[in-house]
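Keeping the supplied structure of chain Z fixed, place chains X and Y upon it in accordance with the hints.
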Amino acid sequence: MPDITSEQVAHLANLARIALTPDEIEKLTGELSHIVDSVAKVTEVATPDVPATSHPVTLPNVLRPDVVGETLTQQQALSGAPDTDGERFRVTAILGEEQ
Amino acid sequence: MAAKDALMDFDEAIERFEPVLGFEVHVELATKTKMFSDAPNFFGGEPNTNVTPVDLGLPGSLPVVNEQAVRFSINLGLALGCSIAESSRFSRKNYFYPDNPKNYQISQYDEPIAFEGEVEVELADGTLFQVPIERAHMEEDAGKLTHVGGATGRIQGAEYSLVDYNRAGVPLVEIVTKPIFGAAHRAPELGAAYVQVIRDLVRALGVSEARMERGNLRCDANISLRPWGQEKLGTRTETKNVNSFRAVERAIRYEIQRQAAILADGGTITQETRHWHEDTGRTSAGRPKSDADDYRYFPEPDLLPVVPDPAMIEELRASLPEAPVARRRRLKGEWGFADLEFQDVVNGGLLDEVEATVAAGAPAQAARKWWTGEISRVANTQDAAAGDLVSPAHVAELITLVESGDLTDRLARQVLEGVIAGEGSPSAVVESRGLKVVSDDSALTAAVDEALAAQPDVLAKIKDGKVQAAGAIIGAVMKSMRGQADAARVRELVLERAQA
Amino acid sequence: MTDDITKLSAAALADALVARDVSSVEATQAHLDRIAAVDGDVHAFLHVNENALGVAKSIDSRRAAGDDLGALAGVPVAIKDVLCTLDMPSTSGSKILEGWVPPYDATPVAKLRRAGLVPLGKTNMDEFAMGSTTEFSAYGPTHNPWDLDRIPGGSGGGSAAAVAAHEAPLALGSDTGGSIRQPGAVTGTVGVKPTYGGVSRYGSIALASSLDQVGPVARTVLDAALLHDVIGGHDPRDSTSIRDEWPSFAAAARDGLQADTLKGLRVGVVKELAGGEGFQAGVTQRFQETVAILEAAGAVVVEIDAPSFAYAISAYYLILPAEASSNLAKFDSVRFGLRVTPEGGATVEDVMAATREAGFGPEVKRRIILGTYALSAGYYDAYYGSAQKVRTLVQRDFDKAFEQVDLLVSPSAPTTAFPLGERLDDPLSMYLNDLTTIPANLAGVPGMSIPNGLAPEDGLPTGVQLMAPQREDARLYRYGAALERLLEQQWGAPLIDRIPDLDFSQQSAAEEGVV
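Residue numbers (this note's numbering), protein chains in the order written: chain Z, 1354 to 1452; chain X, 91 to 590; chain Y, 60 to 574.
Just chain Z, same shape as in the assembly (with noise of 0.2 Å):
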């Protein structure tokens, strides 16, 4: 398995959104490192015989009427956020583009 190089971790951090500290992306290069060697064992037992389990239950079809339900007050739909407009959530400016 090749190693994790910090590079990749920096492009990780960016993919989670997440603002890691040089020292962080450091010292997670070596645990994580270290992780994936040791779990990297699972490719030993993973077959391509072997079918991949996603869900420990099965139950297909889980579906539900097409009936309304209840919904939340604009309060309380709001009551979390961290800044609204009164009755939207606020953010600042965009960088990316909608998908």
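It is worth saying that the hints were derived from the structure and are not from the lab.
Even glycine gets a Cβ: it sits at the ideal position worked out from N, Cα and C.
You may find that some hints are simply not true.
[As the list claims (entries may be wrong)] Here are some chain Z residues pointing at chain X (derived, C-beta under 8 Å): (1) K1380; (2) L1416; (3) V1421; (4) A1430; (5) D1438; (6) E1440.
Quick look at chains X and Y alone, frame taken from chain Z:
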């Protein structure tokens, strides 16, 4: 402001390069509730009043799949000629954005509900294209962002943004085509026609209102160019914000011209998302596609697989409505319209309305004339959709009144005005406005006599055999009757009384 | 009187309430007093419910009026801070949710309230349930009531400590890789992880969606059963919750007290989890003694080989971080929680990144980065994809095992409570605390930890873990109750009676800078 893109002449571009198209169309489903929560699914409303903890992505909230959305998706997949998955599952598409309440979207990745289909698209001149469909899958919509402080209300230069999650969680089906080859210079037309076919299809199924102007139907257009004969595909761009059929056509045309100019100059196309600007008729560069687009898809652990019931699939398949192209062919034949006449109706988006009016008893040609004529004219002045102004039943009633002689065309237009204004049915308006054609001969005769008496010189001419002179009398009578007379009958009476 | 009330089991307290020997107000007050007296040392609670007495009073009124009340009505209960409560902050042990009061109740909490239990407060936990010692709580660790210098286990150290210290007769916890069972083992209490899907996850702040379960924490098997009966069952808001009706677990626990319950029971000892290397000697010893007790009672014990269990921790530490990295993306400063705005004109991307940097602790960051890695393009198949295959193998090993036996047993944790701070610098060694409990989460089978003694070398509690097939939670209660009685007969009294007294003199010692 970026320098203007160089554009190659369109025909030259097509001569030198082969365009390859692809479309991702998002259809908002007309279910009562959202995809994964039981908040109502409707357009509008005060911000953030149409949300549950699930739609806000509050900690601890969990999604539950809407069975009607599944049904609609299967129905749509069948109508696209797709195979329906035996087992279908949801996946998380992970990316951060303020309108994305969980910072992942629940979508479908490796096991979409429908795949491998084909849609027939007919162009204006009857040319047919088979558009291959890669897949149709279910996903949820994001919230709505409003950008404040910038010049155009767009992201660039905005001071801050406001988020409304009312739309977050609304059910979407994304229809993805395979690369579309062979359109050549008809590519722009084909694009517009394809989106229109999708719109007609989802409306016919009743799974979506599909109004592009409301965002119920959204189109992203992918275009790439390659030299004719080359097998390797060129780099493609994805153009968003294409909000009407016309925009689809224009955007494709623009991109072909823009890309051709770059390639001819020895340049390379940047793989990126572009934004269509309706006002300037150009696309502009968005964010380049990069590593930042690693969505890290994995199967949604909070949801279980959807295993469609084969019996339900067959039931839906059996009740699929006629494909739009086949339907058009049939109606054109039934109505006996000439090509251009039929095209008028289709281009005006009035096929449903004409069909309904005929069903309500009106002759097809009359229905066509009214819908593509006066009603469309009024619709344009009001910046509204013709179908919103008046019901087919009322139009049929109006036509009947004209056919029976109760109304002249001119009177009928006044009645229509009243119906549109909400004064009631055509009969009611005739009554309340007193617009009926006077068919009482005695009243007409009196008016004719009066007019003849008032213009003795004209009377003399008529007696003399100069029948055309009757026109002046007819005009006078029509005026005195405020148009509420059958001009032909008036003419008869004028000639009769003049000779008397 | 206070002391007497807090020493009662929940079942005994419930009986006393029904008999009107004590009121809910008295019972609640007694526990609030106990919290006031000892929680300065123990730090099990992050928040005490100001309205507890009000709730207790209304239960008393309803009882007086002759209302039909649930079996546990009027009994106080502590709630792990991972669960959303609409009248108390729900932080999941993190700074990023400091002070956040949800606009809704988690389903298990709603069920508690409907059943008339009295929420006492929210208990401490490792941040976002990531940890096995509660040292990763952003609000300071909880101290093991058996020895305040030691860990109470994790991530649900607060709930276990609260119950062990008699601050509450019952508590709710959550278990993703052992977070109920392992604290149970090191605090001498009972903890149960239900079958996956047995209790609704709606309102439980998600860590790893395919592994999390909410479950009961108590001092006796019957108490845990009574609480499990209240919180379990289908919830249409949780797609992964099981639809089937569950039998009464309290009935199963009572049933287990019949003579000869264990006779002929086929018990499997999982070779890979049976002790020896990686296990503290005293833990192994007590486990072997427990197995001997089972045999003496007529159980047939066989060794079970589950080779895939050797890969379970590795699979777990790929699946969990992957799911967690996605589940924790919602903490972005926009709709709730902390917002940190860096200086000088920050974009929302900057604000998100600064907020998460400030709001998440080191273990959370570690796992998010690891999880993001495991899901990345190019690494998915090798890591997350492979881990999901190990999961299949673990399930198969359990299936095979349960063809041969009715119950599986193992130690609940490899060691007793070690000193606070001992493993903070070595994440990998931390992960080994969950060695015996992780397989049950991967497979979705239910597991229970009950105290099975004090380790001879340090006098600290050890636990034995029982596991049953999916949906057979009743077996845990039946056989757990039977085993509990045998153990207590051997000891002469419940193990928890041997917990040292916590009093004010200890409080000042703790303040002098333990951890």
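Taking the hints in turn, this is what the structure says about them:
{"no.": "1", "hint": "K1380", "in the structure": "23 Å, violated"}
{"no.": "2", "hint": "L1416", "in the structure": "4 Å, holds"}
{"no.": "3", "hint": "V1421", "in the structure": "5 Å, holds"}
{"no.": "4", "hint": "A1430", "in the structure": "4 Å, holds"}
{"no.": "5", "hint": "D1438", "in the structure": "6 Å, holds"}
{"no.": "6", "hint": "E1440", "in the structure": "4 Å, holds"}
Hint compliance for this structure: hint 1 alone is broken.
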